[in-house]
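Take a look at the letters that make up each chain.
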Amino acid sequence: MLDPAIDWEAVAASDAFRALVRRQRRVAGAAVGAVMLFYGGFVLLSGLQVGVLGDRLVGPFTVVHLWAAAQIPFAWIVAAAYLRVAREELDPMAAAVRADAMAPYASIAPGATGAPAAEVLA
Amino acid sequence: MTIVATEVNGLALTLFLVLVVLTLGVTLLAARRTHSASDFWAAGRRISPTQNGLAIAGEYTSASAFLGITGLIFLVGFDGFLYSIATTVGLLGLLLVLAERMRNAGRYTLGDVLAARLHARPVRAAAAVSTLAIAGAYLVTQLVGAGAVVQALIGIDARVAIALSASVMLAYVGFGGMLATTWVLVLKTGLLLAISLVLSVLVLNRVGFDPSELLRRASAHHPAGDAYLQPGLAFDAWNMVSLCLALTLGALGSPYLLMRFFTVRDAPTARRSLGLALGVIGGFMLLTPILGLGARALLGPDGIAMAGPSGNLAVPALAQELGGGGGSTGGEVLLALVAASAFAVIVGFVAGVMMAAAGAVAHDCWQGIVRRERADEREELLVARVSTLVLGVVATVVAILAQNLNLAFLGGLVFAIAASANFPVLLLSVTWPRLTATGAVVGMLTGVVSAVTLAILSPAVWPGPDSHGSPFPLAQPGIVSIPLGFLGCWLGSVLSRPEPVARWEELHVRAESGLGAVTPS
Chain A
1 MLDPAIDWEA VAASDAFRAL VRRQRRVAGA AVGAVMLFYG GFVLLSGLQV
51 GVLGDRLVGP FTVVHLWAAA QIPFAWIVAA AYLRVAREEL DPMAAAVRAD
101 AMAPYASIAP GATGAPAAEV LA
Chain B
1001 MTIVATEVNG LALTLFLVLV VLTLGVTLLA ARRTHSASDF WAAGRRISPT
1051 QNGLAIAGEY TSASAFLGIT GLIFLVGFDG FLYSIATTVG LLGLLLVLAE
1101 RMRNAGRYTL GDVLAARLHA RPVRAAAAVS TLAIAGAYLV TQLVGAGAVV
1151 QALIGIDARV AIALSASVML AYVGFGGMLA TTWVLVLKTG LLLAISLVLS
1201 VLVLNRVGFD PSELLRRASA HHPAGDAYLQ PGLAFDAWNM VSLCLALTLG
1251 ALGSPYLLMR FFTVRDAPTA RRSLGLALGV IGGFMLLTPI LGLGARALLG
1301 PDGIAMAGPS GNLAVPALAQ ELGGGGGSTG GEVLLALVAA SAFAVIVGFV
1351 AGVMMAAAGA VAHDCWQGIV RRERADEREE LLVARVSTLV LGVVATVVAI
1401 LAQNLNLAFL GGLVFAIAAS ANFPVLLLSV TWPRLTATGA VVGMLTGVVS
1451 AVTLAILSPA VWPGPDSHGS PFPLAQPGIV SIPLGFLGCW LGSVLSRPEP
1501 VARWEELHVR AESGLGAVTP S
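For the record, the sequence lines run as chains A and B. If you use our numbering, the first sequence corresponds to residues 1 to 122, in order. If you use our numbering, the second sequence corresponds to residues 1001 to 1521, in order.
Certain hints may be false.
[Said to hold, decoys possible] Among the chain A residues that face chain B by a calculated CB cut under 7 Å, a handful are:
1. A28
2. S46
3. G47
4. V52
5. Q71
6. I72
7. W76
8. I77
9. R98
Honestly, the hints are just simulated from the structure, not real lab data. C-beta: ideal position from N, C-alpha, C; glycine also.
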């Protein structure tokens, strides 16, 4: 599986790659943390049937209904935010890492931002 | 009163046959474009993000979602809606943690991702075992479900219905591979959304578009009254946490979902398609309480008998009621539409699951383990088709013999296996440099064995339904078996010799940056 054309060790140690990994971890970590609080808290507290969740809001609707109904829109908002950061920040960073790694082979691998290995080689 | 058909329902049968002919026509088109291994396993990686998003949504909604979740909401109210929420959040977890890394690191199967950095043969074998355990359980339960639904709604004998559904699914996969499977899944998602939307609007129309009225009428028809609308009717806190953990993390370990990321050109496209799928699935899941509570509110005292003990026929019964009741033309038309959609939901889903099973046998076991990557594409595809046929026949026979299987038990178990066996290994394979092949194998086996064992020792099974004094107190094993899966990975890794760091570095760079990821040829 090792691809002899690329110095993987050098890429792994490069500043650009390490910055990409750090940024990705921070973005995904923040999103996962938000989900754990909003969704994990919901599951735990509604499981424990915490009193305040049964308080009436409008008609038969209680606090727990509002919190439950907000879960899916919340997932949409987190996903939309992640998709946006990934597109605007992470994708260009990853493209730069690929371009740097392929720079020495630019003459033999046109389209250096793409993958060097064709389907058959990978 | 019951909705179980005593004679063949002509309209439903016609719709059912139209669907079969339509999807087989699509399969014929797909078969003409399927030549290479990449075509067969990954549709040539040319699926558009929109199509893949709709297909992921289709792959994420089995009959358990369409009929099962709505049936559960009908039966236990609020606690049933937790299934809708947990599965939706699972898709978000997949997006945030694994989707892009899997697309960058892998090729066709879950085993490919692990074999990219670990000693290939043992991890391919372990990945194949867990994939086949998940796929096998799904194939059997969904085929049994197809038999039950088709018999109840269309009036064909369940055994004939099982054999017919399996044959149609085998044709999609065997001839059209991933391309046909994708198109069938897209069609299925469309049908599922359309029928759910129509039924939801009709339900809301009956209650004057007043959600409060829907809740009031639903709780009035349930013996638990107001408690029906509050948490705790079905699960206590521990069971609730354990269930939600397994449902959410199960998405991150489902081999048939991971396989869909390989059908698009690159990681950003996989990410976009998953975003779309999350939108579609979330939308559908928001309709599930309208359908489940609607069935409770509108079917009245007869509802329990009509929906069946598992609640699976709550939506078909609701459809008949909304159309004007049994015997009315409107009722028959809506019932036929629901029956046809349920059939499409099941065959599309099992086709996707079968792709993952065939991948485990032909790509991981045959190509990877037996032939050590030396078989040519023609041979791999021949093995893929033969194994599809064999697995399909075995699943059909088991489904016919096991029609009284406890479907809810097996359905929940599948998610627990995916979450306990596959999720820990996949997460650690792209984040933990010290993971070894031994760790991966031990982790996967620990996950499968602990999920299955704890489920057998749980009150749902030991020594019979609703028993007291069973050795494991929770109906849902996830909260114990998922940590055990991680523990197995860790123990196996630290007790075995480290693997070459160069292979970790290659996989790490590949997974995070997409450098060297496979692209459409």
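- Any CB of chain B closer than 7 Å to the CB of A/R98? Since chain B brings a Cβ to about 5 Å from A/R98, closer than 7 Å, the hint holds.
- Measuring from the C-beta of A/W76 to each C-beta in chain B, is the shortest one below 7 Å? Holds. Min distance 6 Å.
- Was the hint right that A/Q71 lines chain B, CB cutoff 7 Å? Because about 5 Å separates A/Q71 from the closest Cβ in chain B, which is inside the 7 Å limit, the hint holds.
- Double-check A/V52 for me: the hint is only fine if its C-beta lies closer than 7 Å to a C-beta in chain B. 13 Å, violated
- Per the CB criterion, is A/A28 less than 7 Å away from chain B? With a minimum Cβ separation of about 5 Å from chain B (threshold 7 Å), the hint on A/A28 holds.
- Item | Evaluation of the interface hint that places A/G47 against chain B, nearest CB under 7 Å | A/G47 check passes; min Cβ-Cβ to chain B is 3 Å, inside 7 Å.
- Item | Status of the hint placing A/I77 at chain B (closest C-beta pair under 7 Å) | Since the shortest Cβ distance to chain B is 10 Å, the answer is violated.
- Message: Quick check on the hint: A/S46 CB to chain B CB, less than 7 Å?
- Response: With Cβ-Cβ at 4 Å, under 7 Å, it holds.
- If you take the shortest Cβ to Cβ gap from A/I72 to chain B, is it below 7 Å? Constraint on A/I72 satisfied, holds at 4 Å.
Violated hints for the displayed structure, listed by number in ascending order: 4 and 8.
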